[in-house]
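Asker: As given, the protein sequences belong to chains A and B, one line each in that order.
Residues 31 to 415, numbered by my numbering, are exactly what the first sequence covers, in order.
Residues 3 to 231, numbered by my numbering, are exactly what the second sequence covers, in order.
Zero decoy hints are in this set.
Listed below are several chain B residues computed to face chain A (Cβ distance under 8 Å; list not exhaustive):
{"#": "1", "residue": "Asp-123"}
{"#": "2", "residue": "Arg-131"}
{"#": "3", "residue": "Pro-147"}
{"#": "4", "residue": "Cys-148"}
Covered stretches of chain A, going by a simulated chain B footprint (3 or more residues, C-beta under 8 Å):
{"#": "5", "region": "116-127"}
{"#": "6", "region": "162-168"}
In silico contact screen, one side only, chain A against chain B (beta carbon under 7 Å); selected entries:
{"#": "7", "residue": "Met-81"}
{"#": "8", "residue": "Ala-102"}
{"#": "9", "residue": "Arg-105"}
{"#": "10", "residue": "Arg-106"}
{"#": "11", "residue": "Tyr-110"}
{"#": "12", "residue": "Ile-112"}
{"#": "13", "residue": "Val-130"}
{"#": "14", "residue": "Leu-133"}
To be clear, the hints were calculated from the coordinates, so they are not data collected in a lab.
No residue lacks a Cβ here, since even glycine has one placed at the ideal position from N, Cα and C.
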Amino acid sequence: MIRLEGVTKEYAPGHAAVDHLTLEAATGEITVLVGPSGCGKTTSLRMINRMIEPTSGHIFIDGQDTAQVPAAKLRRDIGYVIQHAGLFPHRTVLHNVMTVPRLNGWGRARAESRAREVLELVGLPGDFARRYPAQLSGGQQQRVGVARALASDPSVMLMDEPFSAVDPIAREGLQDDILRLQQELGTTIVLVTHDIDEAIKLGHRVAVLRQGGILAQFSSPADLLAHPADDFVADFVGRDRGYRALSFQQADVPVHPEEPVRIGEQLQRRGDQWLLAVDAEGRPQGWVLPAEVAEAAVALEHLHRGGTVSAVDGSLRSLLDAALSSPSGRGVVTRDGVLAGTVRAEEVLSVIQSAPRPDGTSIQGGAGDSDGAAAGVGPQQNEHR
Amino acid sequence: MIATIWAWLSDPTNWSGSGGILAQALEHLRLSGIALLAAALVAVPIGLYVGHTGRGRVVLVNAVSAFRAIPSLGVLFIAALLLLPRLRGDLAFELPSLIVLATLGIPPILSGVYAGIGQVDPAARDAARGMGMTSWQQLWQVEVPCALPLIFSGLRSSMMQIIATATIAAVVGLGGLGRFLIDGQANRAYDEMAGGALLVAALALLIDLVGALLQRFVVSPGLTPATRR
Ligand SMILES: Nc1ncnc2c1ncn2[C@@H]1O[C@H](COP(=O)(O)OP(=O)(O)OP(=O)(O)O)[C@@H](O)[C@H]1O
Ligand SMILES: [Mg+2]
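Please model the complete structure; the sequences and the hints are all you need to start from.
Answerer: Right under this line is the structure:
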């Protein structure tokens, strides 16, 4: 557990970049620090591994006051992922990743086999090891940065905007990898981002900081969306938070059977009904209109790929989105990537209406009290802790 | 003219013997090598210190330009006048020249080392600290290796200057390729003078080539433009 106790940092006397921050990052969880630019996220993070010394206050890691540990030793024990990766340009990927184990006195062979192991873990196998950072894409560099931080198997890891330099698609991939790794390894992670969506996706707990390094709210992502503590948080969390809150809700939605056509098949059915095309393994590929296919076999160029696909046990948000984005109005759901059937928007909505919310309230009666039923309507509701 | 220079250069008797081209070239290299070593011993630690700590930057920049303004021949005569009566033997002749050459070699090395450390990617330095390297480890494991391209250019341009200037050692009676210039002038043997000048240039280029080769082996491929895309 990492505990910040009344931590203050003043770069200039009287101007606090971080102001009496008290915060607990639970062991084995991802704690996200989020807030607008310049609100003191990086400063807060770097005080944990003493890259920056607090002006006052204390930071404890598993009960140990970090001020009592020599800074270099402390940093070797804490994984640190730096913004824009910060790889050593003169070292190969392999040697970059071997850095901390070597500093900790491991032998070359042991450090190397460990480095190859973590490179595998972050999805950079084999031949990447011999490359230099200049020969990698931004996303690959970020992965190496993560691998380097993981190499000595730290129980605590700090990440400063680890995915800011990559495009949205690569970012999603990296985020998923971090979630998977964190689950596998049980690492305690403190992550900084200015992207509230990233915070909500990755964080078990999210700390929203405001200008001047003041903690505005510290709660679970679902709670943050449902009960922003004040106008600032509500603003920062942004619009469509009602919709986004559905990311944290799961419920059984009726799944209708769907009779797909296979790519390469001649169509048996006619009419103006959309048909779902799957590949040889039964994975959904897109929608086709029989009129457009005519006498030909169903081919890739006939596909309309507009619809999103949700896992059958996905969140209500992804189920609803699958239904809303589908040209046929039938939302495609899969089990292990294979077509499981389709869902209807109105049915997902009625489930949403009646499903209990993560905070124990529901829109229609349910477990919540009358107060909770109004939750999320406006920013002015009672503070929920 | 070119023919007579070529005749002088290609005459085998000019190459052999104690005052021959080979012997003088070796003597030239010996003096230059000692001077470079001395210059590096002074300039590298100072450059590393200033580059790593950021302390004394202004002093260093001013010192470098002041050093560059020193007229080498003038210093040579002053050094020779001051030291000659106090020293005995070969040292009495060599030391003034070596001091001049080393002094001349210091500024390029100093600015190369300092600029080399200064241009290391701040993110890489930050990472070095963040990974838990001590200050010493940051310097030797990250900053120096990343600075090597510029450190090498500093050393190479210092060596070029030293080799070119070592010619003037002949003025105070030392050996080296400068002998051909001084003696040639004294004897009005212009083929010898021009040949000597050519030899100095050739030697400087040759040594620079050796330096370039060495650099290719020592500097990490990750830092060379060819590796980058
Ligand atoms: N070394 C420094 N000296 C003086 N002021 C600083 C220093 N580092 C940061 N600050 C100031 O402290 C405040 C917080 O900076 P910090 O880097 O922690 O912000 P941040 O939340 O990480 O912002 P961003 O999202 O832009 O990275 C800012 O106002 C910044 O200008
Ligand atoms: Mg920052």
